[in-house]
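Participant: Read off the chains here:
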Amino acid sequence: MSTHAAALMPPTFMPSVYGPSLRTHVATLPSMTSVDVRELFPGIPPAITSGDPADLERVRATTRASLANVDMSKITPDSSVNILASEHGFGLMGGWPYAEMVKTLREVVVEHTGCRDVRLRLAIYRGFQEADEVREYFGFDEAFDGKVKGLGPFDRGVQVDTVIGPMYLVQRAFDADLFIHAYYDDPREMYFNRLLYKSFKSFCMSYARFETRSVYHSLFGNRSGSIIPRALFDSEYIQAKYTFSSVLRTAPTGVIGIDATDDLYAIDRRITRSHLATYGRMQRLFAEIGPCVAVWDGGRWGYYLHAGGVIFGVLLTSGLDAFDLDVPVVAGFMQEPGNPVNFTRNKSVRGIVVNQAWVGAGIPYITMPFSSPMYIVGDEQAALWRQDSANPLLIDRAAVVPDIEAGMALACERGDTDKIVVFDGSYGHITCNQVAAHLLRDRAPSVDEHVERELLPKWLAQRGL
Amino acid sequence: MATIKYVAELHVEPCTGCKLCDIVCPSGAIEMVARKAVIEDSLCIGCGRCVDRCPEDIMWMTQRAEPLVKTVRPDEVDQTQTAALLERAGIEPNVSICVCTLTPASEIAAAIVKGASNLDEVSEMTGMRSGCGIYCVAPALRLLQAAGADVSTPKGHRWYPCTIALWDVSDAARAAYPDGFIDEDKAVFDPQHRFEPLTTASPETRADEPDRDQRVNALSARRRETR
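If you're matching them up, the sequences are chains Y and H in order. For the first sequence, position 339 matches number 339 in the working numbering, and the numbering has no gaps at all. For the second sequence, position 129 matches number 129 in the working numbering, and the numbering has no gaps at all.
Next comes chain Y alone, as it looks inside the complex (with noise of 0.2 Å):
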């Protein structure tokens, strides 16, 4: 066991106009250490990068090998290809490592059937200026001859006929005559996806107008929404541009490996198994925190910033095991009758802290801060959330810190609680105070135990795996 060692710095994020001006981290403070994810579970594999810039070697070379198999015959010389990327794959370890994926993939396709009218697709959520942002950021235009465009959920839609009715894509996601599938499988909402068939998200998510995602998260539960990215993804208009999947893989530790086949429900399997394995054991050692401030310290949405590579919205509503399908909701817009709460909050998160997060998520933490009183550090950050339309009250709720020592001491204070997690978008460790520290490898143990012989078991079993 580790005594007190200086925290391991989180990864470097791309600057937003969507976030504040750059801080010091949190984990630069000397009451912050961290504590390494295969410390407290040893049977999780470990990362094959670091995710810093100077580190994709073996991201690019296992994605070289990943496609060695991969059947490329509908791709000729003369057809025109889409790689479809999604944005959140920019916020794992600093993004590098998805980027280098993407653009791995392009040379090899290229290599591999002579096309050369591959293009890159990036779609983003609903800050327009995001993708010219990602673009410049990861060096796009240079990869790809400047083939590159952004595509969001308010642009032109493109109806597709699935089995449960007539649904709306975006059209310039598939303005190619095929596409190339490029995820990531960071399961990030887990409370709401639940891990069923979360590889096909992206095509009710990322590739698809806001009333497809709004029927997807509001018009049904967490479990039954599962058919609606899958019914896309088997339709007829999908299946006629369809080429592969490549995907990243993750566990808590960071990337793992790149997945590469025609066959995603295949992938999905893999995925499955491995997630109800590692993260499975990371949410359950959430749940075991008890009272505690969070901290918000890095480039993305604070919902999806990453702590030992499990975002924060887990540990808001880790009550509730997600992954045990007997229970109904764990988090989601559709309630049982009588239950106008949309999301369940862990009131043991005794405060938020804001040391940089960007603003405007469309996630909304309205209700948040009636159980989780928030503090935003300095005036700069105060203003963007004032302005934030996505939370209108938000700002009146929190109260401004000048700074995050300042804001940790007065969390940590009204919350009656001495421990306090970092989610900085760390993979590999958790950032986090001693008290924490000594709690999560303290707890982490039977976390282990219990999982791997009672819910692991359960969670497989309910996905016929």
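I should point out that these hints are in silico values taken from the structure, not numbers from a laboratory. Ideal placement from N, C-alpha and C gives every residue a C-beta, glycine not left out. Treat each hint with caution, since some may be false.
If you want the footprint, here are the derived chain Y segments under chain H, 3+ residues with CB under 8 Å [as the list claims (entries may be wrong)]:
(1) 159-170
(2) 331-337
(3) 385-393
(4) 418-427
Once you've looked at the hints, dock chain H against the given chain Y.
Facilitator: Chain H in isolation, oriented as in the chain Y frame:
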């Protein structure tokens, strides 16, 4: 209910008339006049999407002198009509349709009963879509459809008629995805089996609401006057 604190503004002169702001405006507050964007303050619900979208970077948000409250109160409409509409659409009255403003389904339904006939008008009356503008759309379109409104795509792909809900899944679809938890979720969300697949309101149903067309016409006239 939404309290709108900000309003969009622009430098008119450099506006190229590209219409991108108009397409993403959720409340119909922008129209093009002589190839220039014109913002109607009273219709703007402060989402800021136009500012983010503008390729010329000539738009910005400014704080309103007084916040604008957008709401339709329950006592403004016949509650039996609201309840019937929600039931027809298969949507629980208390669920937050707009999770950014916590606007419940009952208020969206009330806006439609009051006369809103499309998504823009629902947004303008309730402040729905002033946040992310995404997750609330399908339930609102479904309520409009249940009320007999035309939800087909207007010019400029402002929305598409996508309103499929759990209650609409056919036997064929259920058979195609036997692990889709359709029956299980129906039992959870509709234990009393109240909800049916959505069929657009029949002429007979609409005949039960003789003053509806009058209300819609009055609302349209009010919007024209506002402009």
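Participant: Give a verdict on every hint.
Facilitator: Going down the list of hints, with the structure as the test:
no.: 1; hint: 159-170; result: holds (count 7)
no.: 2; hint: 331-337; result: holds (count 5)
no.: 3; hint: 385-393; result: holds (count 6)
no.: 4; hint: 418-427; result: violated (count 0)
The structure shown violates just one earlier hint, number 4.
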